[in-house]
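Numbering follows our numbering, with no gaps: position 36 of the sequence shown is 36.
Hints are computed from structural coordinates only; laboratory data are not their basis.
Hints may contain errors.
As the list claims (entries may be wrong) - Restricting the straight-line Cα-Cα distance to at most 25 Å, the calculated cross-link-like pairs of lysine to any residue (SDA-like) are: (1) K231 <-> R160; (2) K145 <-> K272; (3) K172 <-> D218; (4) K9 <-> S49; (5) K31 <-> I117; (6) K135 <-> N64; (7) K59 <-> R6; (8) K31 <-> K171; (9) K31 <-> R160; (10) K153 <-> D167; (11) K144 <-> K172; (12) K201 <-> I236; (13) K231 <-> L321; (14) K171 <-> P342; (15) K144 <-> N339; (16) K177 <-> T37; (17) K172 <-> I292; (18) K86 <-> A110; (19) K86 <-> T25; (20) K272 <-> H286; (21) K137 <-> I236; (22) K171 <-> N205; (23) K137 <-> K272; (24) K145 <-> E346; (25) K172 <-> P193; (26) K31 <-> K272; (27) K138 <-> F180; (28) K12 <-> E303; (29) K138 <-> K12; (30) K272 <-> D245; (31) K145 <-> S123; (32) K9 <-> H286; (33) K231 <-> N199; (34) K15 <-> K66; (35) K144 <-> D167; (36) K9 <-> I114; (37) K177 <-> H204; (38) K9 <-> S256.
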Amino acid sequence: MEINNRINKLRKYLKEFSLDGFLVTNQTNIKYLTNFTGDDGIVLVTFESVYLISDQRFKIELNNLKDIQPIISNEYLKATCDIISKDHLIAVGFEDSIEFSMYDYLDENATSDIVSISNLIESLRSIKSNNEIQKIKKANLIAKKAFDFFIDKIDYQTERSLAIDLDYFLKKNGADKPSFDTIIASGSNTVLPHSTISNRKINHNDLVMLDFGYFVNDYTFDITRTISLGKQNKEIKKVYNVVLDALNETTKLVRSGLPANLLYERAKKILKSNNLDQYFTHGIGHGIGLSIHELPNLNSFDELISGQIITIEPGVYIPGLGGIRIENDILVTENGYENLTPISTEFIEL
Numbered sequence: 001m002e003i004n005n006r007i008n009k010l011r012k013y014l015k016e017f018s019l020d021g022f023l024v025t026n027q028t029n030i031k032y033l034t035n036f037t038g039d040d041g042i043v044l045v046t047f048e049s050v051y052l053i054s055d056q057r058f059k060i061e062l063n064n065l066k067d068i069q070p071i072i073s074n075e076y077l078k079a080t081c082d083i084i085s086k087d088h089l090i091a092v093g094f095e096d097s098i099e100f101s102m103y104d105y106l107d108e109n110a111t112s113d114i115v116s117i118s119n120l121i122e123s124l125r126s127i128k129s130n131n132e133i134q135k136i137k138k139a140n141l142i143a144k145k146a147f148d149f150f151i152d153k154i155d156y157q158t159e160r161s162l163a164i165d166l167d168y169f170l171k172k173n174g175a176d177k178p179s180f181d182t183i184i185a186s187g188s189n190t191v192l193p194h195s196t197i198s199n200r201k202i203n204h205n206d207l208v209m210l211d212f213g214y215f216v217n218d219y220t221f222d223i224t225r226t227i228s229l230g231k232q233n234k235e236i237k238k239v240y241n242v243v244l245d246a247l248n249e250t251t252k253l254v255r256s257g258l259p260a261n262l263l264y265e266r267a268k269k270i271l272k273s274n275n276l277d278q279y280f281t282h283g284i285g286h287g288i289g290l291s292i293h294e295l296p297n298l299n300s301f302d303e304l305i306s307g308q309i310i311t312i313e314p315g316v317y318i319p320g321l322g323g324i325r326i327e328n329d330i331l332v333t334e335n336g337y338e339n340l341t342p343i344s345t346e347f348i349e350l
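Based on the sequences and whatever the hints tell you, model everything.
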């Protein structure tokens, strides 16, 4: 039923754009529209049919997909052009992210006009169904267990060994794979906003930043917490509380209809009032779902829509002092928001 709903929404856009079909080459978008788990293929959606073109490796899966017309071929683009001709399609849209060689072939061989469309499927994906929301909630619950494990295991390990232990725990408890390389940054490494992991030993009185995301049943969480192994001075605690205030006050703005760029502006204003804005060197967040970065674009003037799931992640990175980032996953609702991340944001000193 959910797949049919997605296809029907796509067909409404086809009608709006005066298209007879839409060609999908992005593999994540193909999975979204068909549940196809293979890593190679093309989908052509028309008003009458959904064609999925792939090769013999995926024949069994293709034949088991519901409401999909499988086309087995090693020449995906030729098979696509054959369908366009056979079905007498006049105008076919395609994702503007395709390689030039694919565009060149279609331009030379398709009997229809071909029309570049930007972020069509991505726009559909940005608004989550209840089923998708429940999957991301479940992913966040697993993240909570993993964070508790992280706290228990942090004592005087290296960043790398702790990341390995965390990866094993997550996979053992229902996660499939990381959606990005886990960041465990300690001490001076915390001032690097996108540090990864090193062989640095986590020492007493170190700040430790954990930023991690894992797919659970195809959908990812993305969470950051900064804690301390031992006590911290008043300056660190003050900075932490300002970042936390930026997180909380920015989150309070979230609702359907809010221009997305206002989130960054709110966080920046709070940090500026505390002379910390110059240390805030990245965006306020991004959409998550089947990918770790997807729509909505929080740097745009586009309005938030109920059902979107975004991260909010203010951070400051002060050379000689340390870096602090706090990040939650937030569901946009009609009149506000729901925080999906069940992990405390209080400053933890172990």
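Comparing the hints with the structure gives:
1. K231 <-> R160: Since the Cα atoms of K231 and R160 sit roughly 23 Å apart, the hinted pair holds (cutoff 25 Å).
2. K145 <-> K272: At roughly 35 Å apart (the allowed maximum being 25 Å), K272 and K145 break the hint.
3. K172 <-> D218: With a Cα-Cα distance of about 16 Å, the restraint between K172 and D218 holds, given a limit of 25 Å.
4. K9 <-> S49: 14 Å, holds
5. K31 <-> I117: Distance ~19 Å between K31 and I117 Cα, so the pair holds.
6. K135 <-> N64: 24 Å, holds
7. K59 <-> R6: 23 Å, holds
8. K31 <-> K171: 22 Å, holds
9. K31 <-> R160: Distance ~33 Å between K31 and R160 Cα, so the pair is violated.
10. K153 <-> D167: 12 Å, holds
11. K144 <-> K172: 14 Å, holds
12. K201 <-> I236: 21 Å, holds
13. K231 <-> L321: Holds, at roughly 14 Å.
14. K171 <-> P342: Holds: K171 and P342 sit about 19 Å apart, inside 25 Å.
15. K144 <-> N339: 13 Å, holds
16. K177 <-> T37: Within the cut-off at roughly 15 Å; holds.
17. K172 <-> I292: With a Cα-Cα distance of about 21 Å, the restraint between K172 and I292 holds, given a limit of 25 Å.
18. K86 <-> A110: 11 Å, holds
19. K86 <-> T25: 20 Å, holds
20. K272 <-> H286: 22 Å, holds
21. K137 <-> I236: 31 Å, violated
22. K171 <-> N205: 30 Å, violated
23. K137 <-> K272: The given pair, whose Cα atoms are some 33 Å apart, is violated under the 25 Å limit.
24. K145 <-> E346: 17 Å, holds
25. K172 <-> P193: 28 Å, violated
26. K31 <-> K272: 43 Å, violated
27. K138 <-> F180: Holds, at roughly 19 Å.
28. K12 <-> E303: With Cα atoms ~21 Å apart, K12 and E303 stay inside 25 Å; holds.
29. K138 <-> K12: Between K138 and K12 the Cα gap is close to 31 Å, so the pair fails against 25 Å, i.e. violated.
30. K272 <-> D245: 12 Å, holds
31. K145 <-> S123: Violated, because 32 Å separates the two Cα atoms, which is more than 25 Å.
32. K9 <-> H286: 23 Å, holds
33. K231 <-> N199: Between K231 and N199 the Cα gap is close to 23 Å, so the pair holds against 25 Å.
34. K15 <-> K66: 24 Å, holds
35. K144 <-> D167: Cα-Cα ~14 Å, so holds.
36. K9 <-> I114: Holds, because 20 Å separates the two Cα atoms, which is no more than 25 Å.
37. K177 <-> H204: Not OK: K177 and H204 at ~31 Å, beyond 25 Å, violated.
38. K9 <-> S256: This hinted pair holds, its Cα atoms lying about 20 Å apart.
Checked against the numbered hints above, the structure breaks hints 2, 9, 21, 22, 23, 25, 26, 29, 31 and 37 and satisfies the rest.
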